[in-house]
Amino acid sequence: MPSDLGLALRRPRFWRSRRGVIGFAIILCVFLVAIGADVLAPDTPYTPHLLERRHGPSLRHPFGQDELGRDNLSRVLHGARRSLLVGVGAAALALIAGGILGTAAGIAGGWLDSLITGLADMALAFPTLLLALTLVMLLGRGLTSATVAVAFAAMPVFVRLTRIGVIRARQQEHVLAARAVGVPAGRLILRHILPEVLPPLIVQAMLWIGTAILEVAGLSFLGLAAQPPAPDWGAMIAQGRGAVFAAPHILFFPGLAIMVTVLGFNLLGDGLRDVLDPRTEL
Amino acid sequence: MIHYFLRRLALLPLTLLVLSLATFVLLRLVPGDPAQVMLGEHATAAQVAQFRASHGLDQPLPIQYARYLADLARGEWGRAIVTGRPVLAEIGQRLPATVELAAAAMLIACAVGIPVGALAGRRRHSWADRLTSAISLVGVALPLFWIGLLLSYIFGYALGWLPPSGRLAVGSDLAWRTGLHLVDAIMTGNPAAFSDALRRLALPALVLSSVPLAVITRMTRATLLETLAQDHVRTARAKGLPERAVLLRHGLRNAAPAVATVIGLQWGSLLSGAILVETVFAWPGVGQIVAERVLGRDYPAVQGIVLVTAGMIMVVNLATDLVCAALDPRIHYA
Numbered sequence: 001m002p003s004d005l006g007l008a009l010r011r012p013r014f015w016r017s018r019r020g021v022i023g024f025a026i027i028l029c030v031f032l033v034a035i036g037a038d039v040l041a042p043d044t045p046y047t048p049h050l051l052e053r054r055h056g057p058s059l060r061h062p063f064g065q066d067e068l069g070r071d072n073l074s075r076v077l078h079g080a081r082r083s084l085l086v087g088v089g090a091a092a093l094a095l096i097a098g099g100i101l102g103t104a105a106g107i108a109g110g111w112l113d114s115l116i117t118g119l120a121d122m123a124l125a126f127p128t129l130l131l132a133l134t135l136v137m138l139l140g141r142g143l144t145s146a147t148v149a150v151a152f153a154a155m156p157v158f159v160r161l162t163r164i165g166v167i168r169a170r171q172q173e174h175v176l177a178a179r180a181v182g183v184p185a186g187r188l189i190l191r192h193i194l195p196e197v198l199p200p201l202i203v204q205a206m207l208w209i210g211t212a213i214l215e216v217a218g219l220s221f222l223g224l225a226a227q228p229p230a231p232d233w234g235a236m237i238a239q240g241r242g243a244v245f246a247a248p249h250i251l252f253f254p255g256l257a258i259m260v261t262v263l264g265f266n267l268l269g270d271g272l273r274d275v276l277d278p279r280t281e282l
Numbered sequence: 001m002i003h004y005f006l007r008r009l010a011l012l013p014l015t016l017l018v019l020s021l022a023t024f025v026l027l028r029l030v031p032g033d034p035a036q037v038m039l040g041e042h043a044t045a046a047q048v049a050q051f052r053a054s055h056g057l058d059q060p061l062p063i064q065y066a067r068y069l070a071d072l073a074r075g076e077w078g079r080a081i082v083t084g085r086p087v088l089a090e091i092g093q094r095l096p097a098t099v100e101l102a103a104a105a106m107l108i109a110c111a112v113g114i115p116v117g118a119l120a121g122r123r124r125h126s127w128a129d130r131l132t133s134a135i136s137l138v139g140v141a142l143p144l145f146w147i148g149l150l151l152s153y154i155f156g157y158a159l160g161w162l163p164p165s166g167r168l169a170v171g172s173d174l175a176w177r178t179g180l181h182l183v184d185a186i187m188t189g190n191p192a193a194f195s196d197a198l199r200r201l202a203l204p205a206l207v208l209s210s211v212p213l214a215v216i217t218r219m220t221r222a223t224l225l226e227t228l229a230q231d232h233v234r235t236a237r238a239k240g241l242p243e244r245a246v247l248l249r250h251g252l253r254n255a256a257p258a259v260a261t262v263i264g265l266q267w268g269s270l271l272s273g274a275i276l277v278e279t280v281f282a283w284p285g286v287g288q289i290v291a292e293r294v295l296g297r298d299y300p301a302v303q304g305i306v307l308v309t310a311g312m313i314m315v316v317n318l319a320t321d322l323v324c325a326a327l328d329p330r331i332h333y334a
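Protein chains in written order, with the numbering used here: chain A, 1 to 282; chain B, 1 to 334.
Here chain B stands alone, though its shape is the one from the complex (with noise of 0.2 Å):
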């Protein structure tokens, strides 16, 4: 287990090594000067001429691709076209936000799918599989953008229980530690900053999660069914072991790994579904900012997008592995 830890950990340079190779093709493929690409294009002759030479691009290919990846390494990831400010710097400022709002999201998912899809997995033909057939059937053809403004309209509008959009209320007076807002106010003991931030995150984090939550029911449910039917679970009923424990220790149990797999597998449409519920709640994270920077062809901004998202897919996959082989005893690492 610690040898496969290691080599997937040893791996996950490599993959971003091959990955920091599309992105130097990807920023070849624009069409244009490289250096005007990263510059933006209202950078002058001048600026772009002395870019070209400090960052070799006079140079052959292999070299300015070295170059480039000991840039990257430094940390030196450009600046961004819109607003001039260190690329690195922007997206660090950002990140606890969309952190924050995924996770949430992914927290609501399991929670409410996990339950609602094992009682449906126990009893076909319930009010809980009625359930699960809806919410597996609605969540994935919902417009995100579409039902988070309907719902900001509603409850933010309408009805006026919570705030429709933001992260913290103007003027709040919430110290900055993590990031992580919730966490934040945890921390330095602010009671009412943790409230306002738990209020202005429920929306975007329920609206975030109708895609995870259906399919998580949906798999709980099928990997249950298909585990209650065999053998040992027979047995299990047989010898007499209240059905509480039957479900917990004999279905549930075997159904963990596909589970965790599938949840491991979201985390990428929760980012891409973020890009939209972000920018519907105007919510300070990353994906609030991608649509902007890829119309103003912001190069190095959109470059350092797609490095972090990458790495923190890579390390979720890994975590998602490692989770699937400490619940399944039956998978092995050599």
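Next comes chain A alone, as it looks inside the complex (with noise of 0.2 Å):
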């Protein structure tokens, strides 16, 4: 999987696609800010200021400070962190697990296929935000479920377009003359069949990362994920709500943050897409 993005990332086609560009140079530095944070950070994340509670905006504190006089811009820097964390993890989850499950789907067929593909159509109907809900109730709060519970949410998506990819794999040229020099099933698959169907695999995960990072931060913000006092971008909306008409800028630096994240995702995997996969422009 790290080859084919490379490969992706290698080829002129991408670098000449001004949104996979745009949306690179965001990554970049969100990714950047996520290790540097420590560092770039004036403050640190924790450290109450009790007399400078609510402070607007100014030149020792650009982003202002929140309900306890802590360092807005040091706390969104550190939330860069888990929000990267729990996108591409989700992602890689529901890639991961998804995966396998179509796999089966595809290549078993039969009772198994029906069930599997029955299963994940009525999954994908139903709004992922209350699927996600319904599973953190089960898991039990927490950053680490809600990042599970939405990785789980959305895996019918990754279920159906693996089927898919390996059935259509299934019937090319080189598979079937694989099969009939008689490759082993599990080299088949790993080594013939996989690679047709990673490519709309990796851009569908790139694409959906955005939308992890948005659902887990709406979790926070409902208090089912992440918890105060985590520098945590939706945990501190939720805590900037209460405040929201005296101190609009403690919960918008937050938010500026989770857009433009978000979006830098979904702009890296259109520019992906094109690369990888073209036919499936829309």
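Footprint (simulated), chain B over chain A, 3 or more residues, beta carbon under 8 Å: (1) 132–141; (2) 216–227; (3) 263–276.
Calculated from the model, a selection of chain B residues having no Cβ within reach of chain A, i.e. all distances over 10 Å: (4) Q47; (5) G56; (6) P60; (7) V82; (8) L95; (9) R122; (10) V246.
In short, the hints are calculated from the structure, not lab data. Keep in mind the model is a prediction, meaning the values are calculated, not measured. Ideal Cβ positions, reconstructed from N, Cα and C, are used throughout, including at glycine.
With the hints as a guide, bring the two chains together.
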């Protein structure tokens, strides 16, 4: 999978797509911020300054200060780490789990195929956030279980995409030929079928990272994922909600950070789609 | 067509059956005794024992499931743990607010998305095309709860043009007929309540419309671009048909089924968004209580909300398929 991504980024076609380049630049910035938050942030994300509560943006605190006088900029910078982890983690989880189920359905056919596709179709029509909330009730609240729940709710898309790809790939001549010369099933799947199926899956996963970040942020906002005092963008918006009329800057910047990050992943996904999977342009 | 409709209608209970099985299994997956889960953690041992006996929880699982189904069919969906009220009554009271909000959001999304997307599909690189790109990019990247809070600050507080939250002014004299405030206000001839309800609906509906707006605009543009490149459109233009007629009768007419399909699929995301938007705007719908009930492990309430939502989605899916069949004579349902 990483080699596919690396190849895509090395192709000139990707760098000619304006969306792809802008998306790549945004995500690179967010990534660097996530790594260097400790160095870049002017303050720790936890130090309260109780005499400067809800102070607006100033030279010393460009994003202002929150409910407890903590530096908003430092909290937003530290929040990047969690958002990236959550988004990429959820996408990887949904991709792997959905990929395995989709491959099983596509290879096995018969009742297993009907069962998996039937369940996926039912889940697909269902509101993903409600599905994720129900799962959080089972798993308990917290950032990890929220990430797992969001990934699970998104799995049906990956199941269907993998299944269709596997069924298509099975009918291709080089796969038929490999089968005819007696390549064992495991090797057939890994070496001949998966390379055909992966590109659209990676594009879908990339496009879905943004959605995952939005959904987990939504769960944090509802108080079910990240818990205060963690510097989490969704939880920061939830905390700023009480002071929205008095100090809107507290929630403005974390929300902006979510939007820019999600936009970055969506643009990057668009650019990758043009290179890896030009057929499904919409 | 009528056969297809009847067959789909017959499948509805079957799908609901599968869904009820899913919620039944879910109840057994929740850590702890099902009776304790249904009654909440504050129930006494005697209450739990009584519940277990009266609901046959000591019976084999298939019999338990049959009883569970019978309870569902009789409308006995249990009592909400958080409020102690019957679940079905509680949902019934809140459902109209969610339906009104979602319908208004979808109306905005269609009323803006289809014309803008059509203009963009007609002329690439025009202002409408750029607007479409912007809408479809930003619309799906906005955290709904964030933009909702910001708009409520700007229009409800800083400018003071619209009420920042709530569904109806306190002490309003609007009589309850359907629960849809706009419809009730018209039915009872209450213009003051109508304008109040409309002003309060505007912001949440606008915020909720952002995702379907993005998707509908993008889909209309893409489908129209594809349709207008086809031979029959060239023929229509060549025979001198006015551009307006080409666009409406050949372009949009052929793009309609695809757009209708996408509109149908957006209801799920609307109901997801409603959970966040209703929380932000203190909108007394079903979505407003979901998070609170999940936190309170209010299993009967969550189960009821899941079943009702799934039922609504199924009805919408059926309606979408029927609309598509009516729009596209090529679709045959045996």
